[in-house]
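Colleague: Chain by chain, the residues:
2 protein chains.
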Amino acid sequence: MARWEPNARERLEHSSLELFTERGYDQTTVAEIAERAGLTKRTFFRYFEDKREVLFGGQELLDRLFTEGITGAPEAATPLTAVGGGLNTVAAVFDAQRWKLARKRQVIVAGHRDLRERELLKGTRLVESMRVALRARGVPDTTAKLASTVGSLAFGAAFERWIEDESADFAALAGHALDELRKSAGELG
Amino acid sequence: MARWEPNARERLEHSSLELFTERGYDQTTVAEIAERAGLTKRTFFRYFEDKREVLFGGQELLDRLFTEGITGAPEAATPLTAVGGGLNTVAAVFDAQRWKLARKRQVIVAGHRDLRERELLKGTRLVESMRVALRARGVPDTTAKLASTVGSLAFGAAFERWIEDESADFAALAGHALDELRKSAGELG
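Order-wise, the sequence lines are chains A and B. Taking the UniProt record's numbering, I'd label the letters of the first sequence as residues 1 to 189. Taking the UniProt record's numbering, I'd label the letters of the second sequence as residues 1 to 189.
Some hints could be false.
One copy or two, either will do: identical chains are not told apart, so a pair holds if it fits within one copy or between any two.
Listed next, the in silico DSSO-like pairs over lysine-lysine satisfying Cα-Cα at most 30 angstroms (straight line) [said to hold, decoys possible]:
1) 122 to 51
2) 104 to 122
3) 122 to 183
4) 183 to 100
5) 51 to 104
None of these hints come from the bench; they were simulated from the model.
Work out the full structure: start from the sequences and follow the hints.
Modeller: In structure tokens, the structure reads:
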């Protein structure tokens, strides 16, 4: 029977990001990650399927938070206001405590082609989660597609600014990005 | 010295799609593709880097046509009208002759996870090509991002309908999809 290890997930995430940064993603093994965290490989695999999942395991949480925020928006909310609700809910993840890890992660992903591709695919899944949540609110198909895409652009823009500025507030950045996009939607012609 | 082989690229594309359909993508080798086409492996590699490129080698042409169409739109054209110019230029690829091959390709890609992911990534590259072409027209950054994304949604919607109907006209479908999205942009709220 495995012992219970306090904060095992967090410790593994920290040691992964450290090692990916020091040695490179490809050069780091799960055994090394576990060792650095003072845990066993077996414990690693209880939390993550592989080392890539340390970087992308947050996808499901983001999908769920976007969905909750959109679903929980007032019935009368417009499609973009509902998307704004999703962004607000998601913002809780991107707090000051997360910033340093997110920044390390960002450098690792940006420096590796396969990981960059995985990140793009994560983006398409977020769009799909938002689209489904908007459809469930009765938003017509084409508008749901467009609004979820706008949500993803707002998320991306907010994230880009947040990762550059430790003191920035993600929710405020996301609201600002959404306002900009709303304005742009009126200028498409 | 290699002999000149008439229509080698087309013959290799046909034999690839036949074999991927008959045996599955993973089970098909370059040697088999070349043999079926009555050509050598060496000739295959003169045209394609690997068997995946047979399915995705059209990316550069699409990128280029989108760029040309957007760049060539009248100076006074709105961002979405310029994107419409891109769609019109791209439509030339999706003619009746291409349909049967495109349909075979579609089934192969849809049935294979890695290929589906590659297709999604192709979509993000198309968006980027359009965005760059719009920026070069002086379209502001956020509007260029949004308009190129709308262009990609229109392209996707038109392709989905075209692939289901051999007699459909791609340019007309794309124009219709763009009109729907333009209308949706006014309903985002």
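Colleague: Now look at each hint and say whether the structure bears it out.
Modeller: Results of checking the hints against the structure:
Taking CA atoms no more than 30 angstroms apart as the test, residue 122 paired with residue 51 passes in both settings, with 16 angstroms inside one copy and 26 angstroms between copies. For a Cα distance limit of 30 angstroms, the shortest separation of residue 104 from residue 122 qualifies both inside one copy, at 18 angstroms, and across copies, at 27 angstroms. Taking the shortest alpha-carbon separations for residue 122 and residue 183, both the intra-copy value of 26 angstroms and the inter-copy value of 28 angstroms come in at or below 30 angstroms. Taking identical chains as interchangeable, the C-alpha atoms of residue 183 and residue 100 are never at most 30 angstroms apart, the minima being 32 angstroms within one chain and 42 angstroms between chains.
For the identical chains of this complex, residue 51 and residue 104 are intra-copy neighbours only, at 15 angstroms inside a copy versus 36 angstroms across copies, given an alpha-carbon limit of 30 angstroms.
Going down the numbered hints, you'll see the structure goes against just number 4.
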